[in-house]
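Novice: Chain by chain, the residues:
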Amino acid sequence: MKCIIPGINVKVFGRAVHSLSKIGEEIYFEPLDDGLALRTVNLSRSAFASFIFRPSFFSIYDDGHATLRNDDDVLKCKIGMKSCLSIFRSLSSLEKSVDRCKITLNMDDCRLVFQLFCRHGIVKTFNLTFIECETLQAVFSKEKCNNVLTAQTRLLCDAVTNFQASQEEVTLIVSKEKVSFKNYIEDEPDLKKVVHTVLDLVPEEFDLFQIDAPADITFCLKELRAVLTFSEAANMPVTMRFDVSGRPIAFCIDSDSTFEGNFLLATLADYSSQSQVTASSQVGLTPQTQGQRSKPSVSAQRSTARRANNGSSKSKTALKNMSKVSVEPPTQSDQGNEDRILPISLLGEPEPQRQDSPTNIEEEGTFVPGTPPGKRFKSLFFGMSQSTTTGSQPSSTQHQVLAADTDDEGD
Amino acid sequence: MSLSTQESDENAQYVLYARLDNAKTMANILKAVHFKDTAIIFASENGLKVTVEDCKCVQANAFLQSSLFQEFVIKEEQVTFKINLTVLLECLNIFGASSIPGATTALKMCHEGYGTPLTLLLEENGVLTDCSLKTLEPDETLDFNFLSTNVVNKIITKSECLKAAFSELDLSSDILEILMSPDEPYFRLSTFGNAGSIHSEFPKESDLVESFQCNKTQANRYKISLLKPSVKALMQSTRVSVRTDNRGFLSMQYMIKTEDGQVCFVEFFCCPDEELENDEYS
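From first to last, the protein sequence lines stand for chains V and X.
Note that the working numbering numbers the first sequence so that position 109 is 91, with each residue one more than the last.
Note that the working numbering numbers the second sequence so that position 203 is 225, with each residue one more than the last.
The reader is advised that the hints may include incorrect statements.
In silico negatives: residues of chain V with every beta carbon more than 10 Å from chain X [said to hold, decoys possible]:
hint, residue
1, Ile(-14)
2, Asp44
3, Gly46
4, Thr86
5, Gln134
6, Ser162
7, Gln192
8, Cys234
Derived lysine-lysine pairs resembling PhoX-like cross-links, with alpha carbons at most 20 Å apart [unchecked claim]:
hint, chain 1, residue 1, chain 2, residue 2
9, X, Lys185, V, Lys78
10, X, Lys58, X, Lys104
11, X, Lys254, X, Lys53
12, X, Lys279, X, Lys185
13, X, Lys156, X, Lys130
14, V, Lys78, X, Lys180
Keep in mind the hints are simulated off the structure, nothing from the lab.
C-beta atoms are modelled at their ideal positions from N, C-alpha and C, and glycine is treated no differently.
Let's have the full structure, built from the sequences with the hints guiding it.
Specialist: Take a look at the structure:
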């Protein structure tokens, strides 16, 4: 692999790294035919972010496939976020001083090499150790989303600045008439004691407003801020694609033809307005070795346990199933990812409950949510098997990318 | 005027008497070597030399030449004492460290001789502060025996060249390797940290490099913890001279321009890290 980023694009690349650093602790590098992919996932696996820099983004782009007999030999690796961030630490000085950035893979010493060619002939070389890994890919299909909103970054930034810095989650309520951002309040029995913020936006404010099904979804604000720091600096519109609560929401920055950014955030499954007790959702991640490269679009995975009495066993099954995917040998993955995912992920088959209509009735009339959630629910951002509540669960979810780990857990 | 006669009478008792219109000048230079609490001050007719040492491995000297002062009187050949540098700096900044345009702190510094305190008289906009700092028995300072005749490699560059490199040092690395060579890569700083190795190369043709006299390829390693304090001096400086001698000892001299346009020098000496039999880092 060898690619050279011209000076004017180094800052964009650096900003992408900064934005990814707000989400995950490791950054996954993968040279693809159609560009260099940078990806990350957060520790609780509730947020996934990826940037793909197209060959046109670079002055020279060689993904290294040509010299290899087998596509499997192409190195996919991850490096620590901190070490990657240290290269692009000061964005302002990058812009001023860096003429070009060269990224190469030194297979002899097993180092990912970043070279910054700066003014005055100064060359900074970063030989970073890496860990070889499988492709990190969230499974999500943009096409399957009922609701699509495109907004200028300014609009979203203005909306988000209204929330307190300590606010962890925000609820997005959409209907055909309006879009509302509301702070999500958790664990507060007396709703009069907390600040409520609701922000209404009319459809005219959006560049694209396509709402097929009203929805009421809650996701983490921290990751949204990560999206906005990038899109704001790049001054690019953001497209939100989402369905109903419990299914991921995607933020896409793709108006530039030289690169695209996708952020996928898990959303809270809504307990309050339905009998359903457990519904767990997370950004589905499958390690893949093949078949993904030419397919930048992603598909969604959702595991839902529907009844109170069998909730735990259901989500256990989901976990087991997921690990099954992970251990499948690469040869079976040829026919593409979605086919494999379908049987286990319950994707689409059990139609997610349309719990939004009751919620909306409740929400639309009042600015302040009148009733506390029927059942106090914890954030689902800490793994898919909430209902099993085993002590070992949180740690296991951190390593889910590895087949062996999840396999053990499933047993 | 009786005041002036009184002043000269007063001054008669001092072995060291110095007057400075802007105390900030002195504070800034002292700040560049402030990485330990105590410093040894050598006063001679040339001015003040302030020496700070650490671990018996690194020594910093700040030179405040007598011309920097509006008045500088010394009655003995040399006056030496140890002083708490932190307290001295606090006194110099007693009217606030931030510089308000138009308001400068004037300083009068007196010392009556061995065993007596150092007295500082600071004045700003008519407000006076009297400070009396205890002086301590001076320690013996290190002699690095760094002779210019033994210098193997010497590079003088503009400081901005090194500022970024030093402020972004990978602190997960224990050592900083400084390579100087008549051939490529000429001048290179390297760290070997957890994430991997990081090299910054500076070509001799760079317009920031003002003088390049390297005779022999030398790559010496220095403890980052020892070199880190020199960053304070580097950040204030406009030019820096990096020299190594035949033993691998490092000398860095920083040229610092004061607010009133005078030039001061701060130098650092550092001994190299012991050479490793098996190069475990590379």
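Novice: Could you work out which of the previously given hints the structure breaks and list their numbers from low to high?
Specialist: Nothing - there is no hint that the structure violates, so all of them hold.
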